[in-house]
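Given chain A, put chains B, C and D in place with the hints provided.
Residues per chain, in single letters:
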Amino acid sequence: MAIYIDEKTKVLVQGITGNQGAFHTKQMLAYGTRVVAGTSPGKGGQEVEGVPVFDTAEEAVEARGANASVIFVPAAFAKDTIFDAIDNGIKTVVAITEGIPVHDAMEIMAFARAHEAVVIGPNTFGVISPGKCKIGIMPNQIYAPGKVGVVARSGTLSYEIAASLTQAGLGQTTVVGMGGDRVVGLSFIDVLKRFQADPETEGVVLIGEIGGRAEEEAAEYIKGMTKPVVAYLAGKAAPPGKRMGHAGAIIERGRGTFDSKVKALEAGGAAVADLPWQVPELLKGRLASAKAGGGETAATRNGNGHGEAGKKKGKK
Amino acid sequence: MAIYIDEKTKVLVQGITGNQGAFHTKQMLAYGTRVVAGTSPGKGGQEVEGVPVFDTAEEAVEARGANASVIFVPAAFAKDTIFDAIDNGIKTVVAITEGIPVHDAMEIMAFARAHEAVVIGPNTFGVISPGKCKIGIMPNQIYAPGKVGVVARSGTLSYEIAASLTQAGLGQTTVVGMGGDRVVGLSFIDVLKRFQADPETEGVVLIGEIGGRAEEEAAEYIKGMTKPVVAYLAGKAAPPGKRMGHAGAIIERGRGTFDSKVKALEAGGAAVADLPWQVPELLKGRLASAKAGGGETAATRNGNGHGEAGKKKGKK
Amino acid sequence: MKLYEYLAKEILGKSGIPTPPGRVAMNPDEVAAVAAEIGAPVAIKAQILAGGRGKAGGIRFADHPEQARAVAKEMFGADLKGFKIDRLLVEKKLKIENELYVGVAVDGAAKLPLLIASAQGGMSIEEVPEKAIVKRPIDITWGLYPYTAREVVRRLGLTGTPAKKVAEVLVKLYRVFRAYDAELVEINPLIIAAGEGPGKEEVIAADARLNVDDYALFRHKELPVIDEGTALEKKVKAIGLAYVELDGDIAVMANGAGMAMATLDILSRYGGRPANFLDAGGGASVEPTAQAIDVLVATKPKAILINIFGGITRCDDVAKAILWVKQNRGIPVPLVVRLVGTNEAEGVRLLQEAGLNAYRSLDEAAAKVVAAAGGAK
Amino acid sequence: MKLYEYLAKEILGKSGIPTPPGRVAMNPDEVAAVAAEIGAPVAIKAQILAGGRGKAGGIRFADHPEQARAVAKEMFGADLKGFKIDRLLVEKKLKIENELYVGVAVDGAAKLPLLIASAQGGMSIEEVPEKAIVKRPIDITWGLYPYTAREVVRRLGLTGTPAKKVAEVLVKLYRVFRAYDAELVEINPLIIAAGEGPGKEEVIAADARLNVDDYALFRHKELPVIDEGTALEKKVKAIGLAYVELDGDIAVMANGAGMAMATLDILSRYGGRPANFLDAGGGASVEPTAQAIDVLVATKPKAILINIFGGITRCDDVAKAILWVKQNRGIPVPLVVRLVGTNEAEGVRLLQEAGLNAYRSLDEAAAKVVAAAGGAK
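Here the protein sequences line up with chains A, B, C and D, keeping their order.
Every letter in the first sequence is one number past the one before it in the working numbering, and letter 83, counting from 1, is 85.
Every letter in the second sequence is one number past the one before it in the working numbering, and letter 78, counting from 1, is 80.
Every letter in the third sequence is one number past the one before it in the working numbering, and letter 135, counting from 1, is 118.
Every letter in the fourth sequence is one number past the one before it in the working numbering, and letter 373, counting from 1, is 356.
Among the hints, a few may not be true.
Cut-off 25 Å, straight-line C-alpha distance, at most; resulting in silico cross-link-like pairs (PhoX-like, lysine-lysine) [claimed, not checked]:
1) A:Lys238 x D:Lys285
2) B:Lys45 x D:Lys204
3) D:Lys303 x A:Lys28
4) B:Lys238 x C:Lys351
5) D:Lys351 x C:Lys155
6) C:Lys360 x B:Lys238
7) C:Lys204 x D:Lys155
8) D:Lys(-3) x C:Lys204
These stretches of chain D come out as covered by chain A in the derived footprint (C-beta under 8 Å, 3 or more residues) [said to hold, decoys possible]:
9) -7 to 0
10) 82 to 96
11) 126 to 132
12) 156 to 168
13) 246 to 252
14) 318 to 325
Some residues of chain D that are not near chain B, with every Cβ distance over 10 Å (derived) [stated by the list, open to error]:
15) Ile21
16) Lys118
17) Glu179
Just so you know, the hints here were simulated from the structure itself, not pulled from any lab data.
Beta carbons are placed, not taken as given, at the ideal position from N, Cα and C, and that holds for glycine.
In isolation and in its complexed conformation, chain A is listed as follows (with noise of 0.2 Å):
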């Protein structure tokens, strides 16, 4: 199994006459995922890599049965497009496009809500389930089916730790970006809650980043679960009071600094990696000692990783 789409997911593309939305409609077509309909206003009846382009999420739903969809549309025309696939009874929607303005995103985390869909992202890059369906914009080459989990804020970076993954033979049930903005459907709460219940996923990997309190209170959660989570923390070297790039990634007041993350995470029973390339291997240990000890939740381990891979400690 895989969490929020597998190979039953049909696709509709909206934005798929733009150039993002044409390029990446040919990836994910390439990767196998069931890219089914398109939409952009007044360009309904055309055809983009053989996908049948209509007006309106309803006749994408209607004629190809679109249960996904996929964002590329400008910013400015986001939300609407958003509410167009929820409204249709889409309940799952990928948001790529970067640049949404804020209360936009607010007021589409409501409409979400109201109709129980779930929205990845926006400023996304996307969900995978490898072997299954990609939606979104990542390198379809890195990814191997798996056993892991991935949540992550940044994009590129999953990529890195992915391919990290999948190179040390440790593939993945899913890879869910959060998306980098301040307000995203997604907390890593609600994706670790999928994980738990995933019974194909073993492990869960967690990337995070400086600022805001998303970690702290994933860690809080961690406690209770019954699969070891490795986190990677990006941001140990930013200096307080500068916004890196990412909406959140800005340390105020104390709050969201590295230390404070790894700390929570560490108590609350994840092991943090020091570099990228070394989840792997923490990650496997963690597994290995989670198959000999059975269900305990993270809270009742003792193990500290941070460090770990990079010490060439064993388990205790």
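Then chains B, C and D, alone, in the frame of chain A:
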């Protein structure tokens, strides 16, 4: 049992310091209603008829456990006041206020829907479960506890008929005023469903009027009811195209005529009285035959009630 | 409150919906001047607060300013559907490709705004077959978004530039509906004009109606006050009560619309003919009630029936109002009063002290007043 | 985008929130003129886009226009918290009874607007103890209604006229927050002035901050353009990318904020000191990427590291951008490129053809660039 309100209902009077609010607080208390609190922004700390006044519904709910509210504030403030009640957990709001803008009413109903609250009114005389609780502005002396449910669009006309029921020995479980505005919280069907489900209610009186399609829609529902329904409709002599005071009471394009409503209701199995004071007699006949006939639905009966009382015909 | 076409168009125009070039004119010279200014041929349209104006001859055309003046002279002062023409809207005559209907109304049953559209515009929407009408309830919490407008225009069979422009009009029309507390805003016809060729089509509001919720006028001080109805109806409206003129000889006051209608029904049953009815409403105090009775007396009926079942209205207040009119103005015709409900005892006592009788039974009161007015007709 | 205090107050004032009489002035004469116009004593407030201005001496007072001119002469051109003072807001000095804090901000975790208020205004809200702060998330679907404002002012311990007026300010403040796509709007202090006695208290926004969401500026053409940051930061922002200046000697470009931060972390681990970082973002095409590299070269670093894991960004585009800069401007310092992901093969081929090497391993690339910049420090 009663519907919407009963002896456990703890009433908050919003706009308690105004003339109408204070007068009807006194009347409700005299009836035995548990009026536990009032609100009037800026007047918190005062008392009206011994009832403590608060600035906010929040305090009234916290301090006094109010679980229903009645609205006497001027129309311009009604939306804010009703939102206040509902947002603080009150699930039954009786809006007496006349003249609420229809856009405000639409927003009130959307807010109530989102919060699973019931709004009775606006522009209603209220709701009364005789002997248990009265929330509204109806005279205290005309009701009696009993087995008949009454639902009406219009206030004074319902008083007329309730008084005649009481006089005839037919007490009431609950009398509900839907309100005379174009947008109100309850439909006939909403209330009929409650009466149908209420074990103590044995028969129902529906007091309608020309205009709109509410009576025709109710007639469809009545077909499936196991309890007898007697209707009285106002507006037989009203000329088409003139708005008769109530927002809805206008006959337009052949819709909502007296004859179409009578026809629909009779087809649904309801008896329709010619004059208000014929209602009790008609209902007694229906109740007697319902008792004899058991749980059959109105649609399976073939009684056509129109003029029954006038013509002194017995039940077929 | 209904707005004149030209005012409705001003509002639509400000909201970004294209309207024809033109202006209202109050006399024939002004009509000619506007025609000269915007360039003939022009349409000259009577500004009255009623529909079906076109069929009744309320829209005429002129090919040059002088002809416009002549046409205007014929129109000013003429009677149209019961209204005297006192203002004309002079507009550029349009080349029509296609006529649509678009409107937003309050749907009482759904408790939501209802977007209504049809490809068969130009006639009253009531005459359009149901299957040619697209209806779409709008979630008032969220409003009307472009995607919904696109769904609607698709159902209308529009494509290309007209589809895009009509969808934009729908979004703006809904904004007007909300911003102006409208009960109804409609554009009929919304015309599609050829423009400068394919892809350059223009969409223009050729006629418009905007009815604002009377209850919401307190927050629309920007709007002019437009009074509808007869002089008496206006007078009673100013008191804050509802009044309807009928064609009989018994003046009727009751409290509550349902009760007022039932009172008419019962009078009819006894062969009486109501002259009017006045809904004293809920909780009117002494002074407006007295003013209302005064209005009834002024209609010179053969008899007056006052039927009050007191709830929020108090019987003693009604009695006081009756006595005030009786003492200060006099009531020259038979007055039958039926008084029950809140503060009934006090009200009856006050009337009795002044030598007036009050009935408890409406049946009896109705029979009595019909007899007083000369019996069944 | 941060607005100057005087612009924020203009907007609050237009929205019905009382602000002190006053105006911005661009030179000492103008300061004296405003002081004469509104009447001394006045407050003279440096307009800079940073907080903590009061403590740093950015607010001074004058008892008459000439003193105001003298004070202004001292202030203009002075450096305050890294900003050069080029405009002063001259306002009537207020008699303060009480200072509150009120603000509305975006709460990322709750995905909702957050109303924040405290009876302890006048200092930075970060310094106010948590228990003295009232926080109330607002359902963006419905907005902030007066009843919510009343609940908040009750928690602040206000009663009477101040309670009523502060509640009104909260409702208006939320409207500004929404209407201007604010990330943050705050009034600190919101002062309560005695006015003409009990019940006549006045509530006035003594200082104001309004930060508008950069992403929403496209729909706020009514706002002036205010550029923050250093010249280089502005230049990169104009290209549409994110740039942060640091104090080392290795210029860094990476794509994606997380990757950029991780790159700095890894450089640090090898003892390297980043001079800056530039987030090439997602999907930047050849031209902006070339401009970005050009910016890095202009910072005169000892070495440059470009770290790209291509997703929406295509490796071949990055390679083309590098080659364009190399050919047209020249790259005078060691350049280390790490290139993997979308269109990697094509990108690597292009670089190789031009005699440049691309690494697959970030570890290796980081070690290489630190060495090129002179080794660990």
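So which hints don't hold here, by number, going up? Structure breaks hints 2, 5, 9, 11.
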